[in-house]
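Work the whole structure out from these sequences, hints included.
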Amino acid sequence: MNFRKYLKVYKKFLHTSLASELEYKTNILVDLITAILSLVGSIFLLSIFFQNNGYIGGWKFEQALIIQAIYTILNGITNTWFNPNLTEIVKHIREGTLDFVLLKPIDSQFFISLKKINPSGFLEIMLGFLLLFFCIKINQINLNLSFLTLSLITISCSICILYSLWFFISTTTIWFVKTWNAIEVLRSFLYIGRFPLNSFSFSLRIFFSVFIPIAFITTIPSEVFLGLSVLWKILLEVIVATVFLINSRKFWLFALKFYSSASS
Amino acid sequence: MISNLINRKIFTLLKVQYSNMLEYRVEIALWAISGIIPFFMLNIWTNNNLNESINISDVMLSRYFLCAFFVRQFSVVWVVFSFEEDSLMGKVSPYLIQPLNPFFRYFAQHLAEQITRFPFALIIAFFFFIFNPESIWIPNLGILLLSIVSTFLSFLIQFLIQSIVACLCFWTEKASSIERLLFIPTLFLSGLLAPVVSFPAYVKSWIYLTPFPYLIDFPANLLSGNETNIRGGLIMQILWIFLLFPLFKKIWFEGTKKYTAMGS
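In order, the protein sequence lines correspond to chains A and B. Residues 1 to 264, numbered by the numbering used here, are exactly what the first sequence covers, in order. Residues 1 to 264, numbered by the numbering used here, are exactly what the second sequence covers, in order.
These are computed hints drawn from the structure, not numbers from a lab. Source: prediction; values computed, not measured. C-beta: ideal position from N, C-alpha, C; glycine also. Among these hints, one or two may not hold up.
Below, a sample of chain A positions facing chain B; criterion: calculated Cβ distance under 8 Å [as the list claims (entries may be wrong)]:
id	residue
1	Val-30
2	Asn-53
3	Ile-56
4	Tyr-191
5	Phe-195
Straight-line distance between alpha carbons at most 20 Å, and here's what the computed PhoX-like set of lysine-lysine pairs gives [stated by the list, open to error]:
id	chain 1	residue 1	chain 2	residue 2
6	A	Lys-5	A	Lys-104
7	A	Lys-91	B	Lys-91
8	B	Lys-174	A	Lys-91
Here you go:
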């Protein structure tokens, strides 16, 4: 693949979508307030859980905050890239404009996954990092190189898994046409990523690590931050992430065979 | 004569919308599934014995969250998203000419969707009882009727609030981001994720003056047989409706004057 060409195309994508999104400036402000309120709300919820208990699922309040921080960062990434692009697939398929994407001399998955960007998600990512730094301070985590690389690896794996989940669901649009609500189901499942996996019952834990690996997304990176993580868990996350990424690619190419335009 | 006409209009609208909704059964089933967050919350509460500190037994808490799920299912409102799309596409113009407030159309849409959703919600409740057989109960008829009324009132409050937000479309075009902002307090304060009884005292002191606890917490407590002030709750619900309705009428009146047809 021609890396430089794709980089150049991506720059153009950034430029056009930023320009169009910045037209709605008040919108960005409203989104910022939404992101702050939503973080305050979930910390409030967490504080209710902890008001009479020191530990939940073996996690202290300060430690559980790390999960919130990572969730907020990942949610920001979802809102910046995945949500605006992958909901667009539904529109492409309903209106038949996917034809134009497929005709372009560029990889269709690349085009469809990165075309748009929603700048208000950046604010959420920053908010998440602020909370993360605060957590690093109150949990007295010392930063060293191995810790940084491990956390970087696990968080990038989480991003890959998250992307694949979104992409899987959006790809099914080729058969079902309307999948807005399937995305809502995914969203509501992702919501449990705000809490430590150990706070759920055994059956739910199995469900969320085997069938829908939401458990991997926030809990393992948080464990890395606390120095609790064992090597096999990290390796497992890397494997799950690669499997998911490769399959999302294969699934897209497979689904395209069934694409039969619209109208005309 | 006039009431007869209104009856016929409402009946026709409902019939049309119901057959429209039946086309998207799978969509609505998925949407029903996306509302299962209360069950995840229940899992956290009971799995960590958090309910001991607020003096609610496991059984009562599971009933509470099941009822919260039901109340949420039948009070979901999305009028702002429909109205925003219609207003951006210029579809509002033909509606405005008709001798019928377009919000009746959306209202019928919501009611029809609730009727379609009912069997799916029952199926989910059935599965819930399979996993939690000890929480089966039969509320007496009076309570059942009262809670249906209060769920409907909760739906009305949310419908009015969202319609007011939707009318902002006449000024800003992207009113849905304001709705997303308003959704955050609704999510955290309505009792969907944690019963209002469990909130810390500094929140409880003012929360009963806001509409939020009457959206889910009050009807769910009523239906599940948890302690609640029935008369006070119903009065507050009605009070909020009387407060919001003139506001909606005012903003609708101002908005239609401001409206400049888009598209076509």
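Taking 8 Å as the limit, does the beta-carbon of Ile-56(A) come near enough to a beta-carbon in chain B? The hint holds - Ile-56(A) has a Cβ within 8 Å of chain B, the shortest such distance being about 5 Å.
How about Phe-195(A): closest beta carbon in chain B under 8 Å, or not? holds, 6 Å
Can you verify the interface hint for Val-30(A): is its Cβ closer than 8 Å to any Cβ in chain B? Val-30(A) check passes; min Cβ-Cβ to chain B is 5 Å, inside 8 Å.
Can we keep the Asn-53(A) interface hint, with Cβ of chain B closer than 8 Å? OK, holds: Asn-53(A) within 8 Å of chain B, min 6 Å.
Keeping to a limit of 20 Å between CA atoms, is the pair of Lys-91(A) and Lys-91(B) held or broken? holds, 19 Å
Within a Cα-Cα threshold of 20 Å, do Lys-5(A) and Lys-104(A) meet the stated pairing? With a Cα-Cα distance of about 13 Å, the restraint between Lys-5(A) and Lys-104(A) holds, given a limit of 20 Å.
With a cut-off of 8 Å on the beta carbons, see whether Tyr-191(A) makes it to chain B. holds, 6 Å
For Lys-174(B) and Lys-91(A), compute the direct alpha-carbon distance and say whether it is at most 20 Å. Since the Cα atoms of Lys-174(B) and Lys-91(A) sit roughly 19 Å apart, the hinted pair holds (cutoff 20 Å).
This entry satisfies every hint, going by the numbered hints stated previously.
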